[in-house]
Amino acid sequence: MQFSTGEQPPSNPIPSDPGVEKNSSLNRRIEDLFSCIEYDVIKDMAERIKGDDMKIARMDVFPPRLPMSQSFTISNGAVGEAGLGAPHVYVRMTVDDGVSGWGEARPSLRWSYETLQTVTSTIDRYLRPALIGLEARDWKTIHRVMNRKIRPGPGSGQPIAKAAIDMALHDLIGAAEQRNLAELWYSAPNPELKLSYLISTASPEEADR
1 MQFSTGEQPP
11 SNPIPSDPGV
21 EKNSSLNRRI
31 EDLFSCIEYD
41 VIKDMAERIK
51 GDDMKIARMD
61 VFPPRLPMSQ
71 SFTISNGAVG
81 EAGLGAPHVY
91 VRMTVDDGVS
101 GWGEARPSLR
111 WSYETLQTVT
121 STIDRYLRPA
131 LIGLEARDWK
141 TIHRVMNRKI
151 RPGPGSGQPI
161 AKAAIDMALH
171 DLIGAAEQRN
181 LAELWYSAPN
191 PELKLSYLIS
201 TASPEEADR
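First residue of the sequence shown? That's 1 in the UniProt record's numbering, and the numbers climb one at a time after it.
I should point out that these hints are in silico values taken from the structure, not numbers from a laboratory.
Glycine included, every Cβ here is placed at the ideal spot set by N, Cα and C.
Treat the hints with care, since some could be wrong.
[What the hints assert, rightly or not] Distance windows between CB atoms, simulated:
{"no.": "1", "residue 1": "N180", "residue 2": "R151", "range": "28 to 36 Å"}
{"no.": "2", "residue 1": "R58", "residue 2": "R151", "range": "52 to 60 Å"}
{"no.": "3", "residue 1": "G98", "residue 2": "K194", "range": "33 to 41 Å"}
{"no.": "4", "residue 1": "L134", "residue 2": "A207", "range": "42 to 50 Å"}
{"no.": "5", "residue 1": "L184", "residue 2": "P64", "range": "25 to 33 Å"}
{"no.": "6", "residue 1": "I132", "residue 2": "E205", "range": "28 to 36 Å"}
{"no.": "7", "residue 1": "I199", "residue 2": "L84", "range": "17 to 25 Å"}
{"no.": "8", "residue 1": "P159", "residue 2": "L84", "range": "17 to 25 Å"}
{"no.": "9", "residue 1": "P189", "residue 2": "Y126", "range": "48 to 56 Å"}
Take these sequences, add in the hints, and give me the full structure.
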């Protein structure tokens with residue numbers, strides 16, 4: 001949920017059913033229901049912000065290449081080589097009361113225009129100076145500031161770099177409030193998590209083995 005303190009809930013948070021007349025009682029009841037839910041979420045988080053500010057005080061950027069036991073290749077080429085390692089960028093965000101959160105970016109020129117160098121320089125030279133001093137819980141403002149500093153072009157404008165900051169914000173707020181990610185999203189934790197992974201092979205036959 002993205003919001004700023006003092007914002008009013010949207011008058012129509014979900015689209016009306018196109019198969020039902022716009023001003024019908026059914027659509028009005030649906031809109032009223034979701035307006036109440038949206039209002040309760042915004043009010044709860046806005047009250048926490050008002051009572052306990054968390055200003056971003058520091059952001060540290062770490063761009064290691066993690067070691068690999070073997071090279072990893074996909075159809076577009078190598079995404080990690082044993083001799084060079086796999087590029088990762090870690091962001092540690094700290095607020096003025098000392099609480100920190102961590103985010104991660106995994107750039108690769110095989111699936112994006114972003115690289116280890118561009119993610120690091122984007123965060124270090126442009127996004128970090130713009131975010132220092134902002135309220136950490138105000139995601140809407142933070143994303144607006146990031147998009148103003150690095151404008152969306154044909155794409156969304158350095159999304160991998162921005163994702164590392166967004167991840168650090170979630171980790172930071174969860175740590176500060178003693179809440180897991182599901183609770184931050186007003187949901188219930190899932191006891192099971194399905195995983196998927198890539199296989200580095202030269203052919204379908206090798207993958208099958």
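We went through each hint and held it up to the structure:
1. The hint said 28 to 36 Å for the Cβ distance between N180 and R151, and at roughly 34 Å that hint holds.
2. Taking 52 to 60 Å as the suggested C-beta distance range, the pair R58 and R151 does not conform, at roughly 26 Å.
3. Hint check: G98 to K194, Cβ distance near 36 Å, so the stated range 33 to 41 Å holds.
4. Taking the beta carbon of each, L134 and A207 are about 46 Å apart, inside 42 to 50 Å as hinted.
5. The hinted window of 25 to 33 Å between L184 and P64 holds, with their beta carbons roughly 28 Å apart.
6. Between I132 and E205 the beta carbon distance is about 53 Å. The supplied range of 28 to 36 Å is therefore violated.
7. For the pair I199 and L84, the beta carbons lie near 20 Å from each other, so the given range of 17 to 25 Å is met.
8. About 24 Å separates the C-beta atoms of P159 and L84, a value consistent with the hinted range of 17 to 25 Å.
9. For P189 and Y126, the hinted distance range of 48 to 56 Å is not satisfied, since their beta carbons lie about 35 Å from each other.
The earlier numbered hints that this structure contradicts are 2, 6 and 9.
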